[in-house]
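Start from chain A and add chain B according to the hints.
Taken in sequence, the protein lines are chains A and B.
Note that full-length UniProt numbering has the first sequence beginning at 1, numbered continuously upward.
Note that full-length UniProt numbering has the second sequence beginning at 1, numbered continuously upward.
Hint data in this document are derived by calculation from the structure and do not stem from the laboratory.
One should not assume that every hint holds.
[Unchecked claim] In silico lysine to any residue, SDA-like type, Cα no more than 20 Å apart, as pairs:
| # | chain 1 | residue 1 | chain 2 | residue 2 |
| --- | --- | --- | --- | --- |
| 1 | B | Lys109 | A | Glu73 |
| 2 | B | Lys162 | A | Glu73 |
| 3 | B | Lys778 | B | Val463 |
| 4 | B | Lys162 | A | Lys96 |
| 5 | B | Lys979 | B | Gly1067 |
| 6 | B | Lys566 | B | Asn590 |
| 7 | B | Lys162 | A | Tyr66 |
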Amino acid sequence: MSRKQRQTRPLTMSSELRYTANTQLEHLHARYTGTGHADLTKYEWLTHQHRDTLSSIVGHPPLTSYLAIADGEAVGRVKFEMTERMLQPCGPPPKKDD
Amino acid sequence: MHLYNLTLQAPTAITHAVAGNFSGSRTQEIIVSRGTRLELLRPDVQSGKVFTVIATDVFGSIRSLAAFRLTGGTKDYAIVGSDSGRIVILEYDPRTSTFVKVHQETYGKSGARRIVPGQYLATDPKGRSVMIAAMEKAKLVYILNRDAAANLTISSPLEAHKNNAIIHHIVGLDVGFENPTFAALEVDYSESDQDPTGEAFNNAEKMLTYYELDLGLNHVVRKWSEPTDPRANLLVQVPGGQLATSDRYDGPSGVLVCCEDHIIYRHMDAPQHRIPIPRRKHPLEDPDRGLLITAAVMHKMKGAFFFLLQSEEGDLYKVTIEHEEQDVKAVKIKYFDTVPVASSLCILKSGFLFVASEFGNHHFYQFQKLGDDDNEPEWSSTDYPSFGMADPTAALPRAYFRPRPLDNLTLVDELESLCPIIDSKVMNLLPNSDTPQIFTACGRGARSTFRTLRHGLEVEEVVSSDLPGIPNAVWTTKLKEDDPYDSYIILSFVNGTLVLSIGETIEEVQDTGFLSSAPTLAVQQIGADALLQVYPHGIRHVLADRRVNEWRVPSGRTIVCATTNKRQVVVALSSAELVYFELDLDGQLNEYQDRKAMGSTVLALSVAEVPEGRQRTPYLAVGCEDQTVRIVSLDPESTLETISLQALTAPPSAICIADMLDASINKTQPTTFVNIGLQNGVLLRTILDPVNGNLTDTRTRFLGTRPIRLLRVNVQQNPAILALSSRPWLNYTYQNFMHFTPLIFENLDYAWSFSAELCTEGLIGISGSLLRIFQIPKLGTKLKQDSMPLTYTPRKFIPHPTNGLLYLIEGDHRVMSEEAANKKLQELREQGERIDEEVLSLPPAQFGRPKAPAGTWASCIRIINPVDSSTVNVVHLDNNEAAFSVAIVPFAARGNELHLVVGTAQDTFLAPRSCTSGFLRTYRFVNDGRELELLHKTETSDVPLAVMAFQGKLVAGVGKSLRIYDIGKKKLLRKVENKNFPSAVVTLNTQGSRIIVGDMQESVFYAVYKPPENKLLIFADDTQPRWVTATTMLDYNTVAAGDRFGNIFINRLDAKVSDQVDDDPTGAGILHEKPILFGAPHKTAMLAHFHIGDIVTSLHKVALVAGGREVILYTCLHGTIGILVPFVSKEDVDLLTTLEQHMRTEQLSLVGRDHLAWRGYYVPVKAVVDGDLCESFAKLPANKQSTIAGELDRTVGEVLKKLEQLRVTASGF
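Just chain A, with the same shape it has in the complex (with noise of 0.2 Å):
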């Protein structure tokens, strides 16, 4: 896929900035990412807490270090695997019902 493809794709808003759009929450919501809001799907808190909980077992050392060792593989290995399912840890999103 091309660069400009995608710029030009109408922009479809998650579900937080659907809803809050036009408020003062808006900022905050953009501000800090992973904040909820009444009507966050449960989609979306399951990845929120799933790409949470996944930074944080990159950034604390012992948490990478143990996981490395039951697993068998590098600290690297992990760290780097950690991170990639951070791009989408819940599997796709579900279809909306138009």
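What follows is chain B alone, placed relative to chain A:
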């Protein structure tokens, strides 16, 4: 309950290491982060040894570390990224030998959060700015500069945020003196979060983005962004920029993007170069597996540069870039050497490579050559079409090399590291030891070790030789004041004296001027070039020309003891008189006209060394039989007048005055200590006031059962005191603080310093008729380690109750067992493949084992004799089984015969946990436990993660269920089961019919077995979810546990509930009670909670000193060993809590973490005082110390004494 936390062994793992000239001199040093500690290491270029200069607890978690140097400067600074939400710049001050916080800027919340920076750090190579980034979105850029007074300044942060972007790595670009630029490896997740088809996820691109800091406009712009390999993980800076003096370019600039299997050279507006990462040509290699670069270091030499990249297997590759000015012509890679997998690599300009291993000992190598002209194959980007970028999505053909033993590097030093401690036991198994040892199963994979830790300093014996008789004492002496080495060894026997000369060989000499027909009491090199011998009937002053001036004791009396220094001699006569001699300026020894009658037999005497530039030392300490020590003046104004007196509890056996540095008492000057050894084995240490001669601040310590002998020696150029009792102890100064540690050596009867050409810093001692010369190689390490190698990662071990052997289970994931490997090799041979035997025979301890797919296991049971650290026997497990738990069970059905039960599982996958079948393997001990005989295997549905003996039966935690098994003929027989545990049973403890069950995610459960109804019932649990890693019972109702996030906590059950449960014979009451919060009917109360910052792997309730109180000892993953000591009095609790409060306000944390928040990371700290913080009271400046002590209504000495007493009585450390 109130506890006092003390660290006995700080973490030994190194998470980050950076090299630089931190002290501003020409020598390079290394700053290492040990997770919660910062250390400065200084390699000695001559000997190749690495020494720790300082180590500081930072009370926070260090997540990143970088060094930088301001343009034109000569000194490097360190930047620390941590979980404090602050950026901290540290400077090492060589004068005070401390880290000084130069700047501390707050930018966010504390904690290792997703969008709070601290995870990544990148510095501009010219030291003009630094970027600090989070895992996602946030990147802050600070500008570093100098003010008019040449002080380092830091700007307010500039944001370079990118929403919805996960950051993999950042690095500072080398652009010379153009605007500082940083490269970041980012992935945007906004589209894949919106696309239910998963297409956007598959097409998600990893972007290499340049952020330029415009120094003129003072803002950061996204300058360039291009997609790169989706499996890229690491960026490495490539030198660039022009030299100031010429127009030549240092290098092409840009970055190396390390990806899985490839390395790509990238730069803006420049063609890419891609090379493969060469793989090991190993017959058992898994071809589907990618290879990552996990550590990298770039080294610049005059006009050239190269990279050392390390793969996750530990192989080092040398990468070079051929360039003409700014244009890259080729990127080349070749195999360099194999070293342990590193968390950080540092190259020193003096030609050394420091490898901070992620697990196990850290290595320090010296470069022999740079691999320039060897036969290793080299791969160049020019070998491939369009420099390897013809089709970026397709992999390049694989490149293979043959691993071989070290060729370019040689190992010169090793830093011991316990990391990871996976299991431990505290027992006293060694003969002739009165304190317990800590047995630890350490390490990962083929580098695993089993280590025995003993409290004490390691001693290295140089020579030991037998003597004709048993000497009483030994001395060494120089001939002249300015001799570099000792010339004579003098041995005193009951009826004579033997003089040996030290030369090529050690041999007896006759014409020394010493009297050989009588025993000797003291020997001293006196004045410029004379020698002195004190014997029972006189003193011989041997001049340089062998003339002897002799002073004889009046008839009917003898000399009972003597003390000497370079200018003074004091002897005590059997008539309880003191005779004082002093050397005059002509080198004549003159007797003072009066003798002093002491009134009681003198047992010990001591004078200090003559202070530099003085005539004499003014004080003499005299120990008398009437249980006193008197300080007597030697000042010309008041010679032999008694100044002060101290009463003792037993007659003294030795006294030693020594001037030693202890920064807790005096930061700059050595303090004069009077050490008094008593005949009952107690040592008193008092401070002698240099002005008025008073004795203050007495501290006592029990050393052993024999009368103490004290000797002044030199250890590493500093004065130290050797105290000999039933074992030898050394009192020495290390990193400006006084330490008192036993030597791990045999009993010595007498000892002295020894300095010769071959052993400059040695000691000489006698034990029985043996003369031994030894040295103390490492001061500061208080735990001596003896290690033996293991095959795979140790998991658990258990001691046999009677035969003194240990049974250890080992298991490695992603490793093929020997049996499976041989089978596969056989298959390959049958297929006619050529097998490289040489590669197969490479030692796994250095090269590791080839990685196999997930679900492959290698495992064994090892029988260890802990006394001589040897393997007695090994039982390998077959069929891809791996051992997870072990117990020794006296089965009542077999007349309490002991059996070894090992919980194993076949084809285990970790996440989600699954196995084709679990097994409980039951072994019988054969040949006194030296061999095992498999009785039977019992299948289980899940992995048995915990097994334990229980009332003549076996209790096993199998997945979510807890079961009791009895032994049968062909199988273990399941008696009862409780399936109500939420995730998995991981730990078991028992007392009576109570079983304490640690759940993997849901804390600790109290269960009870009711035999009449044959029921296992849970009657109490915790209100908090806890990811339990280790538990131990403190008493019937109390349990201490550690969790996976580095906390330690204590839960207690109400005694009433406990009685009620015990009184209920059938358990019907528990069954019908109403559950609380969907759990058990009763809840435990949390008594104490503390965050350690390292994952607890084992907990024990033990007494560490003979006759001492029991403490909780914990070991942690990164090598921490600590204790929690229960306070005995309310007064102590109040004192230490108040002291802790005051220490907190001193803001000691080098990373700027709030101490209270750190110790209460997940749950507020409760009822635990941080002893490590309290002990840093000794490091405070004197005025602060006295202010705090004043607040506590104590003197500084009293506070220090209390701290020492707490440590010594609990641990003996």
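Hints and how they fare:
1. Restraint check: the Cα-Cα separation between Lys109 (chain B) and Glu73 (chain A) comes to about 32 Å, which exceeds 20 Å; the hinted pair is violated.
2. Our distance criterion of 20 Å between C-alpha atoms is broken by Lys162 (chain B) and Glu73 (chain A), whose separation comes to about 31 Å.
3. With a CA separation close to 18 Å, the supplied pair Lys778 (chain B) and Val463 (chain B) stays within the 20 Å bound.
4. About 27 Å separates the Cα atoms of Lys162 (chain B) and Lys96 (chain A), which puts this hinted pair outside 20 Å; it is violated.
5. About 17 Å separates the Cα atoms of Lys979 (chain B) and Gly1067 (chain B), which keeps this hinted pair within 20 Å; it holds.
6. A threshold of 20 Å between alpha carbons decides the hint, and for Lys566 (chain B) with Asn590 (chain B) the separation of about 14 Å falls inside it, so the pair holds.
7. Between the alpha carbons of Lys162 (chain B) and Tyr66 (chain A) the distance comes to roughly 31 Å, so the proposed pair goes past 20 Å and is violated.
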